[in-house]
Amino acid sequence: MREFCSSLGRTDESHSANLSEKKVRLFDDPVQQVFTVAMSNLREEDSGWYMCGVEIGGLWSADVVTHKNINVIHGMTVENSRLSGEEGSSVTVECQYSERYRESEKKWCRSGDWSSCLLAGSEESNEDSSVDIEDDRSGSFTITFKKLQMRDTGWYWCSAGIQKMPVHVQYILLSVCDIPTSDCKSSSPKPITKESWSGHNHVLGSLLVCGSVILVGLAIVARKWWKRHNPEYPFLEQDPVLRQLNGMNARRNEYSDVGCDLQNAAVVFLTRIPR
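Quick note on numbering: full-length UniProt numbering labels position 51 of the sequence shown as 51, and the sequence is numbered without any gaps.
Just so you know, these hints were derived from the structure itself, not from any lab.
We treat Cβ as the ideally placed atom computed from N, Cα and C, and that holds for glycine.
Accuracy of the hints is not assured; some may be wrong.
[To be verified] Taking lysine to aspartate or glutamate pairs in the EDC-like style, the calculated list, with each CA pair at most 16 Å apart, reads:
1) LYS147 to ASP135
2) LYS147 to GLU105
3) LYS164 to ASP63
4) LYS146 to GLU99
5) LYS146 to ASP132
6) LYS23 to GLU45
7) LYS146 to GLU87
8) LYS68 to ASP46
9) LYS164 to GLU105
10) LYS164 to ASP152
11) LYS147 to GLU87
12) LYS164 to GLU86
13) LYS146 to GLU94
14) LYS164 to GLU79
15) LYS23 to GLU55
16) LYS23 to GLU44
17) LYS164 to GLU87
[As the list claims (entries may be wrong)] Each pair of labels, with its calculated beta carbon distance range:
18) MET39 to LYS147: 34 to 40 Å
19) SER130 to THR77: 50 to 56 Å
20) ARG43 to GLY121: 21 to 27 Å
21) LEU42 to THR92: 44 to 50 Å
22) LYS146 to THR66: 31 to 37 Å
23) PRO30 to ARG110: 46 to 52 Å
24) GLY154 to VAL65: 17 to 23 Å
25) THR66 to SER90: 41 to 47 Å
26) PHE35 to GLY121: 53 to 59 Å
27) THR66 to GLY112: 42 to 48 Å
28) LEU174 to SER40: 46 to 52 Å
29) GLY75 to GLY112: 48 to 54 Å
30) ASN80 to SER138: 15 to 21 Å
31) LYS147 to ARG102: 26 to 32 Å
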């Protein structure tokens, strides 16, 4: 492959030419089986056909190559055409242009409002404290929003000569929410000691005494209520013999009230003695 082209860069070269160091860099990844060629500082005269390949070696084995046509044109580009930032943050836009537009006028304008255009190096751009525009005259100029505000959201144009590129700037509202937090403290159960157990015994004894008194009181009240609403011996009133005995006992009680005690009475019998 060396016989058919002039080498601009190789992966097996430890030191390359000065031109190759500035314009061409090779990155080889054997694991992925990919190598990358990066070219920088391109000019119009760099346009043309290029060849990249892999040298297999050997007399009967051809190298694997592919061809690529590169056309270098005059124009400009933007590294990042969509930018966003929070309120009060700084946002920078970098607009790159070709060598032909090095001396051309550089502008930063809001889309649809040509009166808002700022020129690089002009007095108007210096007076505007919110936006700063600078041209290094080496291939790029930068626009910096010092403190991004909501009114800065929208589409813009960066231009160099007749070339221009669109850029969108987005304002992001940062909301801060206070999340309530609760202090969760986990406590392990306290061990049972002799003092704590004796205290529990006093409490349990008091509860047992109070419960017993309440139960006895309820039993007495229930018994009185039952006697009041129910006869003492309802089955006695149904037996006639028992009813007669009850009547006799009642009459005997009446005689005892008069003072006649039959058990202590003395009976004297008078008899005549025959002569």
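Now the hints, each set against the structure:
1. LYS147 to ASP135: 20 Å, violated
2. LYS147 to GLU105: 25 Å, violated
3. LYS164 to ASP63: Distance ~43 Å between LYS164 and ASP63 Cα, so the pair is violated.
4. LYS146 to GLU99: 28 Å, violated
5. LYS146 to ASP132: Distance of about 7 Å is within 16 Å: holds.
6. LYS23 to GLU45: 13 Å, holds
7. LYS146 to GLU87: 10 Å, holds
8. LYS68 to ASP46: 13 Å, holds
9. LYS164 to GLU105: 11 Å, holds
10. LYS164 to ASP152: Not satisfied, since the Cα-Cα distance of roughly 20 Å exceeds 16 Å.
11. LYS147 to GLU87: Within the cut-off at roughly 7 Å; holds.
12. LYS164 to GLU86: Distance of about 26 Å is beyond 16 Å: violated.
13. LYS146 to GLU94: 14 Å, holds
14. LYS164 to GLU79: 13 Å, holds
15. LYS23 to GLU55: 22 Å, violated
16. LYS23 to GLU44: Given that 16 Å is the threshold and the Cα spacing comes to 13 Å, the pair holds.
17. LYS164 to GLU87: Roughly 27 Å separates the two Cα atoms, so the pair is violated.
18. MET39 to LYS147: 34 to 40 Å: 38 Å, holds
19. SER130 to THR77: 50 to 56 Å: Given a distance of about 25 Å, which is not inside 50 to 56 Å, the answer is violated.
20. ARG43 to GLY121: 21 to 27 Å: Once the Cβ atoms are compared, 25 Å apart, the range 21 to 27 Å for GLY121 and ARG43 holds.
21. LEU42 to THR92: 44 to 50 Å: Once the Cβ atoms are compared, 24 Å apart, the range 44 to 50 Å for THR92 and LEU42 is violated.
22. LYS146 to THR66: 31 to 37 Å: Given about 48 Å between the Cβ atoms, the range is violated.
23. PRO30 to ARG110: 46 to 52 Å: About 50 Å separates the Cβ atoms of PRO30 and ARG110, which means 46 to 52 Å holds.
24. GLY154 to VAL65: 17 to 23 Å: The hint (17 to 23 Å, Cβ to Cβ) is violated, given that GLY154 and VAL65 are roughly 48 Å apart.
25. THR66 to SER90: 41 to 47 Å: Once the Cβ atoms are compared, 44 Å apart, the range 41 to 47 Å for SER90 and THR66 holds.
26. PHE35 to GLY121: 53 to 59 Å: For PHE35 and GLY121 the Cβ distance comes to about 43 Å; the hint is violated.
27. THR66 to GLY112: 42 to 48 Å: Distance hint for THR66, GLY112 holds at roughly 45 Å.
28. LEU174 to SER40: 46 to 52 Å: 37 Å, violated
29. GLY75 to GLY112: 48 to 54 Å: Violated: the Cβ-Cβ distance is about 23 Å, outside 48 to 54 Å.
30. ASN80 to SER138: 15 to 21 Å: 19 Å, holds
31. LYS147 to ARG102: 26 to 32 Å: 31 Å, holds
The structure fails hints 1, 2, 3, 4, 10, 12, 15, 17, 19, 21, 22, 24, 26, 28, 29 (numbered hints given earlier, in ascending order).
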